[in-house]
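Given next are the chains, with one letter for each unit.
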Amino acid sequence: MANGAEKLNKSSTRSIYGDYLLMLTVPCFTAYWYYGVRSLLVVAASVASAVITDMLAGIVINKKINTGDPGSIFTGAAIAMMMPSGIPYYVPVFASVFAVAVVKVPFGGSLKAPFVPAAAGFAFASVCFSDKVFDYTAGLRGSLFGATSLGSMLMSGRAVYIGESSVYDIVGGNVAGPMGTGCALLMVACAFYLLIRRPKALVSSVSFIAVCVLMVALFPRVTASFRTNLVSELCSGSLLFAAVFFVTDPVTQPEKIINKIIYGAVCGAICMAMRLLGAYEEPVCFAVLLANAFRPILDSAINNIPQFGKKASRKEVRAE
Amino acid sequence: MNNSISFIDALKKGAVRYNPVLVQLVGLCPVIAASTTFIQAVILSAAMCAELLVISVIANVLMKNLPRWIRMPLYLLVGLAIVCPVLYWFEAYSLSGISLGMKIYLPLTAINSVVAVHCEQVAVKSDLKLTVYDAAASGIGGTAIFLLTGAVREILGYSTFAGVRLNLPVTLKGMTLPFGCLIFLGFLAAGLKKILPSAENVQTEIPSDKIKEEPQAETADIVPEEEHKADGTADVFGIDENELEDFLKTVGIDLNSEEGSAQ
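Order-wise, the sequence lines are chains A and B.
Numbering that gives the first Met the number 0 numbers the first residue of the first sequence as 0 and each following residue consecutively.
Numbering that gives the first Met the number 0 numbers the first residue of the second sequence as 0 and each following residue consecutively.
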């Protein structure tokens with residue numbers, strides 16, 4: 000079981016995923032605002048496939064059939080939020096099925112999965128349907144740069160002039176991109192909600208964003224001002240969405256504060272390195288998965304440092 | 000497994016209960032990297048079966064009295080002698096359907112861990128009949144998984160089967176990548192474990208009357224839990240604990256001294 004989940008039980012899981020589902024209504028509203036009813040249909044298809052897969056998996060492994068597990072609903076909805084609105088329905092369906100059947104159920108459910116299922120589902124879709132997952136030509140009309148997403152502009156190294164009005168469009172989500180993750184202002188609002196409900200969970204997010212900002216300052220992808228690079232990087236793709244919804248995941252996140260900080264920093268460094276060097280427009284889910292995989296090693300490495308290790312071991316060191 | 004063992008029994012044990020890929024987890028590298036299509040899986044499994052059978056028989060007939068450190072390179076040499084002609088045939092005819100990855104991984108079957116494990120566990124300890132049965136059963140078990148994996152990956156990943164287009168509405172490119180194969184093998188292994196009866200109810204060891212004594216200086220490659228020494232230590236990878244201590248002392252590590260353990 001992932002360390003962060005050891006203290007969680009069924010009721011706290013409902014509470015936690017209840018919070019996350021409540022927060023997810025905000026990007027859902029954004030998606031509906033910009034992309035219309037089709038975005039909600041994509042969400043419905045994704046959530047339904049995740050829930051049905053969970054139920055079928057319960058039948059296959061002879062366990063209690065899990066109807067309406069909030070973890071599965073969250074997984075399906077989060078995957079849909081990172082897709083473009085014009086995506087064929089089968090793509091989020093496959094991604095949700097993969098997330099639940101391969102990442103969630105085999106490890107024992109939402110509380111024991113060592114990886115964020117939604118991140119794994121989106122990564123799977125990115126590998127299998129990369130031409131569709133990053134195709135933002137359908138859906139958004141009257142956006143700032145037409146059908147060109149910020150991520151693709153940054154990948155191609157095209158410098159973007161961002162004036163005052165452009166900044167409002169970008170942080171408001173009026174650019175081509177994933178249907179639910181574009182509005183940075185609402186992501187910040189979600190983060191504030193999380194700050195009130197679970198302040199410790201945001202520690203990883205803060206270090207994640209801080210390292211991303213540092214990487215933008217050190218390795219800008221376009222020849223423009225720091226402000227332009229920063230706004231473009233943070234608002235492109237699903238970076239802020241992942242910072243709020245995936246990096247703060249209570250199951251895969253470390254327990255200790257110092258571990259949370261390092262976990263978030265590693266995740267941010269991997270994400271920005273993959274953006275700089277990788278082949279995919281939005282690699283944040285791969286970064287989250289890699290950070291999930293490295294988390295036990297990070298935990299043990301940090302715990303072996305006397306200053307950050309257990310009190311008992313420090314006493315032992317003194318006694319020696 | 001007794002003297003009158005039938006091939007069916009050997010097949011059940013070698014191909015299903017101790018399937019080389021799903022249970023023993025040996026030979027994973029070629030199957031993951033090279034079995035992306037059915038044709039490649041056929042070539043790979045044919046090479047593995049031929050090599051396993053020939054080397055097992057040679058090991059049984061000629062290598063029983065050799066020390067283990069000589070046997071292991073001999074497996075490699077015999078394996079290369081079998082695989083090299085096939086490779087030259089590939090090169091000579093430049094088979095267009097065979098990918099570069101396949102050409103790289105075919106030589107690796109010469110040093111296949113399936114071969115090493117079965118030769119060391121069975122061939123040099125048993126009679127010829129049991130050796131042939133074990134090699135054939137393991138080859139069939141491995142081949143079944145190779146072919147199934149190759150077929151599923153090709154159908155889902157390329158929407159073709161043995162090069163014939165199937166025109167499926169959706170293809171999952173991830174299945175052609177190593178992670179897709181690992182996930183598929185994981186589900187296959189879980190399914191096999193689910194359908195098999197519990198291991199405690201099945202006799203697993205070769206009876207002592209079928210196992211011939213090895214040279215005293217050599218130890219088995221893989222040490223089962225029950226073969227631990229009386230003092231609780233085990234000869235890991237054929238290295239005696241005293242020899243290990245002597246070796247560590249030569250490089251400046253003394254396990255018995257407190258300073259050494261602190262280091």
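Hints should not be assumed to be uniformly reliable.
Claimed, not checked - With a cut-off of at most 25 Å between alpha-carbon atoms, the simulated PhoX-like pairs for lysine-lysine come out as follows: (1) A:111 with B:192; (2) B:193 with A:111; (3) B:193 with A:63; (4) B:193 with A:62; (5) B:192 with A:62; (6) B:172 with A:131; (7) B:172 with B:11.
None of these hints come from the bench; they were simulated from the model.
Only a predicted model underlies this, so the values are computations on that prediction, with no experimental measurement involved.
For each hint, the structure was consulted:
1. A:111 with B:192: Holds, at roughly 21 Å.
2. B:193 with A:111: Holds, at about 21 Å.
3. B:193 with A:63: holds, 18 Å
4. B:193 with A:62: holds, 14 Å
5. B:192 with A:62: holds, 17 Å
6. B:172 with A:131: Roughly 13 Å between the alpha carbons, so the hint for residue 172 of chain B and residue 131 of chain A holds.
7. B:172 with B:11: violated, 34 Å
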